[in-house]
Amino acid sequence: MKFIFTTLSLLFLVCSYGQDTIKIASTLTPEQQAELDYNQGLAALKRNEFMPSVELFNKALLAKPNFDKALYNRAIAYMQLKNYNAAKSDIAAATALSPKNPEIFFTKSLIYFNENKKDSQLMALDNCLALAANHAEANYYKGMLHYEMNDWDKAIDCYSKAIAANPSYAYAYNDRGSAKRAKNDAAGAIADYEKAASIETNHPFIYNNLGSAYRQQKNYTKAVESYNKAIQQDANYLIALNNRGAAKFENNDLAGAEADFEGVLKKDGNNSQAYNNLASIAIVKKDYKKAKDMSARAIQLNDKNGPAYFNRGIARQMLREEEGCCADWKKAKELGVVAAGAYLNSDCED
Amino acid sequence: MAQSIEFEKDNFPGKKDELREARKQLDVGMEFFMEGKKAMDDYKRYYVGEHKFLPVSRYDYMDAGGEQFKQAVAPLGTAQKFNPNNARLNYAMGIVFFNIDHISDVALKHFEKAYQLDPNVEMDLCYYLGWANHLQSRWDEAIKYYQLYLTKLQAKPKLFAMDIDDIAKKISECNVGKELSAKPERVFVDNLGVNVNSSFAEYGPVITADESTIIFTARRDNSTGGVKDERNSFFEDIYISTKQNGKWIASKHLSKNINSNEHDATAGLSPDGSKLYVYRYQKKDGGDLYESTLFGSDWEVPIHMNRNINSKFHESTVSQSFDGRRIYFISDKDNGMGDRDIYFSDLDVKGEWGATKNIGNELNTKYAEEGVFIHPDGKTIYFSSKGHKNMGGYDIFKSTWENGKWTTPQNLGYPINGPDDDVFFVVSGSGKRAYFASAKQGGFGEKDLYRITFLGPEKKPLLGTQDQLMAMVANPVNNLKMEAAVETKSAKLTILKGVITDAKTNQALEASIDLIDNEANLVLATFKSNSVSGKYLVTLPSGKNYGIAVKKDSYLFHSENFIIPEGADYQEYNKDVALKKIEIGNVIVLRNIFFDFDKATIRPESANELDRLIKLLADNPTIKIELGSHTDSKGSDDYNLKLSDSRSKSVVEYLIGKGISAVRLTAKGYGETKPMDTNDTEEGRQNNRRTEFKILEK
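As given, the protein sequences belong to chains A and B, one line each in that order. If you're matching positions, the first sequence starts at 56 in our numbering and goes up one per residue. If you're matching positions, the second sequence starts at 127 in our numbering and goes up one per residue.
Heads up, a few of these hints could be off.
To be verified - The following label-pair restraints were derived from C-beta to C-beta distances: (1) R375/A <-> K196/B: 36 to 46 Å; (2) K209/A <-> T368/B: 52 to 62 Å; (3) E378/A <-> K586/B: 20 to 30 Å; (4) D208/A <-> Q567/B: 39 to 49 Å.
Claimed, not checked - Below, a list of computed lysine to aspartate or glutamate pairs in the EDC-like style, where the Cα atoms sit at most 20 Å apart: (5) K344/A <-> E584/B; (6) K373/B <-> E378/A; (7) K207/B <-> D244/B; (8) K678/B <-> D640/B; (9) K586/B <-> D342/A; (10) K369/B <-> E377/A; (11) K586/B <-> E377/A; (12) K359/A <-> D342/A; (13) K340/A <-> E584/B; (14) K341/A <-> E311/B; (15) K820/B <-> D679/B; (16) K341/A <-> E584/B.
Stated by the list, open to error - One side of the interface only, derived from the structure: several residues of chain A facing chain B at Cβ under 8 Å: (17) S267; (18) N298; (19) F304; (20) N332; (21) I338; (22) S401.
Read the hints as simulated data drawn from the structure, not as lab findings. Nothing here was measured: the structure is a model prediction, and the numbers come from that model. Beta carbons: idealized from backbone N, C-alpha and C, even for Gly.
Same shape as in the complex, but just chain B (with noise of 0.2 Å):
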């Protein structure tokens, strides 16, 4: 074995001047190496004291000792490019650099130098080399050295529990870091390249549905006010870049709106992109929540949310249902699990997020959960955690809600998560990408955010083989195994998007548009269109029969209806919407009124569109409508004329039920005399088969 090799002078005969210096740059090093150490063991005790258990990633520190650890590489780099051979320099210079850039392999080696040259320079030596090879996904060697130190403690097990039970948690990560490993996910990880990512720290990822826009959180050099925190670091701000032909485009800051000269960091978006959800940090408050609107192309001065969601602690990350009638969120105030805990809240009747809850100890654990993600399919959460069957620091882990609980959290795998922290995990609309930040090697600087495509089950090659028919003439047959469906990572969602404008004028128009659960005779949510570009997205889980009704003050609304049956494939639909105004002569198609087959019985899911027209008549009393109905080319005319007469007389003694004065309305039936598309196919007949008003009088 090596021996460690001291500052003396007998070692260096003929250096005397040499070894004063470097021994003389090794007394500094050494303090600020020291003063380094101080502070990481003063925040140790701090955070054992706050969570009764040891601190478990690299960043749970929060680069305590951070400047005196830098200050020390230059000195004792001296001290070490002299005698190469102190065990104690290296133990040092190990510290130093984990602390510095625990992701790089340099302290790896300084610490396998100095337990080469004496394994007993430090009592936590071990430990440290646990970590560095932890942290360098070298599973068994890190569990070989967290064993020697395990045995060290094991020595005085009541005065060390904690570090014990820290070690078994690590060792613990490594078995799983071995296994998951061993069997990595089908998965492209890609780095999303120069145009977002810098290197400075960016992460925080959320995204658009139809993945065309990003927003995310950074920490640069341009950032507002220009100023450092008490970190060094530059404060935190928010950035947006959108896709065109395919590539991200340089990215920009968000306005002064959201962008403050303290930290704004991205917490949330909504599925239809109009609500960004910001992270706000003040020391009274611990770090809060903000919710602002898109107006036009600028977001809005956010606004901080209400006090069932924002405490004293700290608030971080939230993500909103399809619907928008529940958030869940992260916050570490008292009474929960433990350190930061996922919490949900719904919207009371006043239109204000409700009491909160936490979300139960199937997902939350005594150890922090952060970057939640509810997939608009509303069943699928994803969130990361350090509790859990982890790797090391946060992994990412997802749960589905089944039979009224969330299932165990399964580990994503690797290469999604690794040793160290995996957070801030966002699904795109289609399922098939994924986005997240990490601090992988190979990155432009400090954490990146990156794509991840999901690949699904291995893909099986096809051979070509025949069998050969006697007289050789019939084709042969080619060994075609048919493959089972590709499991994809989620439900399957529809998105609905498009531009809303003024029939006549083509000006881009904000109207609202009502999401309705027509069985349920229910509005499901709200949204609004963009106000300066028209432009709007919808996400539907499968599964239901949606009315969707665009409304506007002094203009006719606007009714859609979509059936996504359940599991059907992701699909997104364009759909532009000419909102006409109330004028005569305008036709409107009420695509949400159904009738029993072959009769004219109004159906019940027929009561949200139907409420909607009474609601336009009460608003403008002075007007008259006519109600004709449609039906498609099968069956005798005679036949659907007298159908559609019944139908249209249905609508309107529905009307007169509620009110609606006789006067104003007329019935009438046109059979199959007007088709607004063709015959020949299923889908052309369904638009024929139609209940319409016409504006008669105004």
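Chain A extracted, bound-state conformation (with noise of 0.2 Å):
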């Protein structure tokens, strides 16, 4: 996942936030060979070559130590070689040189936003938008920080921001037809969700997101036929095919449920989400005893999988293992499951 994200955010920054190639004089003067220097770390930035780039934009910076431009290419060159603090050092150099640069800003949010850290993250946003109210991306990266803080408002008003900068963000109306679905708008998230596919037609993500829109209002039919569009485009897109087999869960299709939840470890042995969902029809099928051991594999690939503690909790209680079951539960409150602690106070001694 991290990966793709780091892909896409290069590109992205290359092509929309790198600065633009200096024009070169006939003449090299050692300002004029930091200047060529600096051109080439450009282009082999761009052409994802991080190493080489740095070495090319610390021989210009060698040159000529104020060159912001290059201190700046620089922090993007480190950050994708995952050297947080060289990035960062670069930052502030480039921020004491420009600080009037809201790309410098949104560039720093990303150093923290690859470091995990929300809180300077933040600040690095505001500090852009403080610049430049209308920056799309960053309005978008502050709608994700709200979303991922499940502060749907704040993250809808900020994609709501990123969309009247650029109508034609795709990935604000997706992530805004989420926060809207999260906050059970599920009319409005199809809404966000048919315009962000109307825009990224070959996205199967959307088509995904569309489908669990549909199961939010119950339209299982249509959200099978999302489901399925989600993966026509991406046959190995498991998300889409677990997420069709909880819509025919919830539609009482419990043969087809199987099927699909078996399709995904088919493809994906270590599936924790499936083996979930085929505890989730033992249960309803009250194979108490099938249920446990799915839910328990379901664990041991991802021991923060919270449904799954829940339905084994369920399983165990019906197998009147009435220790475990509260464990179960107990855990499953922990991971964030709010209906754990509602049984665990009703049938669990303290």
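Build the complex: two chains, separate frames, hints provided.
Structural data, given as structure tokens:
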């Protein structure tokens, strides 16, 4: 996942935010040599050749220590090399030289993003937006931060600003749709996903999310249709296959659901969610032994799978394993499964 | 169709001697059978005369003819072995086994065989086929045979009017059974195990609110006196078991204070576990209720309850309200709704049980009610009845007090109730479990005690699904739908328990515990801690501001305050109380003195606490006290000092106004200078806001 992001980000940054190539003079003064090195460094950066780009920016900066653009682009290269301290050091130097450049703050926010330092990321985004309130990407990333904090209203507000700045911003439509869905506004979410799909016609994620919004409306026919589109676009898109199984499960098509979850496991035998979902089917069929085994396998594969602890708790209760059941619900509650807290209260001793 | 084969020589060529022996055994067995049947019929006539309807459950026959039926088994069995295809013999054996053990399906097999050989061998064969199928929960088969019998009865509707009513009731029960067993309740029903149950009958469980102790009735061969009653069963005795490490330990007899050579049976237990109601039977009184108090670890000799409760008729189970001011009990006294009914009585001003009242026809029917249990919430009543929407015999029902009346009783459903008697149902303080007696198959013998665990509504599994943000970095959103709250079966309680000791010696103390409704300024109930262990247990329904005052002569009282909001979850508090002697320097916190917010005005709900202080001062006229008032650390030092000073003066003025000499009282405001807890939490700050008194002179 992270890899895909960084690749996307890199393209995004180089195309949109890397500083423009500088026009080179015909006779090379030290400053001109620095500019030549800089341009070669930028070309290497665009080719994803990060180490060579760093070396070229180094040369440029040796010749011209206050070369703010070289500092900035070297920061980007360092960020791709995951040398975040060096990247931040360059950003700090670039900021001192160009304090009014919103892009420097935006890049800084991405470094913190990669370091998973959300408070610092938010501060850098705010600095960027203070200089450029209509910065579409900064608004988009700020929306994502709020989304991660489950602050749906603020997320929607930021995504909306991103869309206002860039009306073709498919990502922002998609993610705003997910924020609306989290607020149980399935109709609003569907409108956003449909808009995102009209801009990015071949993105399976969007159809997956659209399917989930229809599922939320209990419109299982449309949900399955949307998941089908996602799967057609990417036959190995197991999240959509799993979600389609969930739609069938909720529509009482247990056989169809089971086939989808089994299909996920055929392609990825270590898919924790699919095992947990098979456990859900076993619970409905009152096959509690199988439910316990399936959810245990899900936990073995991902010990942060809250629904799997929750389901194993249900199975264990019916198998009369009182202590194990309550321990599972306790763990599920710790992992954020709200219903587990209610069962702990009603069915377990202190 | 197979044909009935008579015991005649033409039917058994070459078996003359065996036939002679079989006929001999048949004659002997049939004689016992006829005697048993006659005893049954006689009892039935007597029952009809008393009740104006036919016996509803098997137990209503009081084992009439039982001994004769038992004696018929061997000879009829010998004859049956020789000739298994005689309709009348199969009918007789069906009746015999039905009366000896109607839970087993042996009787049903004989009835079916008899019907196969000759459906008209006896008019009531279809009746018994219906009933035997009914008791095996074979609802459709039962209805089929009941209908066949009904057709026969309807040929003479006047003569068989009562039988027709009986069959109509039984068909209705089968329809209810069919409906309820199709939607079983989500419960676990567990036998309490070999340490509680035995091959003899156990029933009448009563349980402490915290489920640590169970007391019950059994008819075991180690019964006190070791003799049997007229039904050839051992006399009833009362047994007890306690829970250790979550398991019941081997049950033992209660002492001879409780168990006599006659019938001694559990009738009820007060919510605090300090009073045991006992049923004792003497022919002249029809069975009466007695009350025993726990003294240390033993129960005192039971005292006969007064004439408002006991009559010449049969009185049985008792259930006491949480505050001890009302009891509900069962009696079949005259002028009821019919058979056994639920009655109630309130304590009068002298502390005696007052005139009894029938609880009314919302709950009582012309048929019998038994096993009444009022939940400590005071609003939920459980009882067994044969006259509501039943599946057969006694079923357990629940009703709640709403808008000034009891709601229509609700059958607790299958598998709590079945086609046979289900009775003596008691609920734990938490409402999560209940206990009852049942003659279910698979037990240790006769009736056993069972525990019900309520599982609440079906628990829906949780799927794992994902949304995807385009940048694929946000946490995947799991579809964690929030579930509705579990309905628990009853209103929520708080259980307060602990040990009362002498603060200096740590010796357990028998002290009285007043439970006060502060808002109504009313002592709701008074309990006593155990004289040997010092243990106490008080149940507090939600929705009140409670004051708790622990008192003992020559000690300073101790007070606690519990504000339990309406609908608060079940919880247990352990509160050990160390009582201090009246000695100079001893300090007592007055937890139930309340002031208006930010003012020195004493709120009316403080009256009971202040009256207690006044009584202490009146009973000990030489003591002088300091009234100290404390605040938490919110607000400035000066402000807190002034507020506390005003509040301590308010208390002193109140006491002077009630006749306490001013020279005995000193007011002092301490502000926030003497915290007894942290000021960093709301709980700590609440503890710090307090009024206390200190003994200055004695």
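Tested hints:
1. Hint check: R375/A to K196/B, Cβ distance near 39 Å, so the stated range 36 to 46 Å holds.
2. Between K209/A and T368/B the C-beta distance comes to about 57 Å, which sits within the given range of 52 to 62 Å.
3. Between E378/A and K586/B the Cβ separation comes to about 23 Å, which falls inside the hinted range of 20 to 30 Å.
4. Here the CB-CB span from D208/A to Q567/B is close to 60 Å, at odds with the stated 39 to 49 Å.
5. In summary, the hint linking K344/A to E584/B is supported, as the alpha carbons are separated by about 17 Å, within the 20 Å threshold.
6. Distance restraint check for K373/B and E378/A: the Cα-Cα separation of roughly 14 Å lies within the 20 Å cut-off, and the hinted pair is therefore satisfied.
7. Pair hint K207/B plus D244/B holds up; C-alpha atoms about 19 Å apart against a cutoff of 20 Å.
8. Under the criterion of a C-alpha separation no larger than 20 Å, the hint pairing K678/B with D640/B is consistent with the structure, at around 11 Å.
9. The suggested pairing of K586/B with D342/A holds, with an alpha-carbon distance near 14 Å, which does not exceed 20 Å.
10. A threshold of 20 Å between alpha carbons decides the hint, and for K369/B with E377/A the separation of about 17 Å falls inside it, so the pair holds.
11. A threshold of 20 Å between alpha carbons decides the hint, and for K586/B with E377/A the separation of about 18 Å falls inside it, so the pair holds.
12. Distance restraint check for K359/A and D342/A: the Cα-Cα separation of roughly 24 Å exceeds the 20 Å cut-off, and the hinted pair is therefore not satisfied.
13. This hinted pair checks out: K340/A and E584/B have alpha carbons roughly 12 Å apart, not beyond 20 Å.
14. As the CA atoms of K341/A and E311/B are separated by approximately 15 Å, the hinted pair is consistent with the 20 Å bound.
15. With a C-alpha separation of about 18 Å, the suggested pairing of K820/B with D679/B holds against the 20 Å cut-off.
16. Between the alpha carbons of K341/A and E584/B the distance comes to roughly 11 Å, so the proposed pair stays at or under 20 Å and holds.
17. Taking 8 Å as the C-beta contact cut-off toward chain B, the hint placing S267/A at the interface holds, the least distance being around 6 Å.
18. Against a cut-off of 8 Å between C-beta atoms, the interface hint on N298/A holds, since the closest Cβ of chain B lies about 5 Å away.
19. Look at F304/A: its Cβ gets to within about 6 Å of chain B, closer than 8 Å, so that hint holds up.
20. Annotation: interface hint on N332/A holds; nearest CB of chain B at approximately 5 Å, less than 8 Å.
21. Among the interface hints, the one on I338/A holds; its C-beta lies about 4 Å from the nearest C-beta in chain B, closer than the 8 Å criterion.
22. Hint status for S401/A: holds, given a least beta-carbon distance of 4 Å to chain B, under 8 Å.
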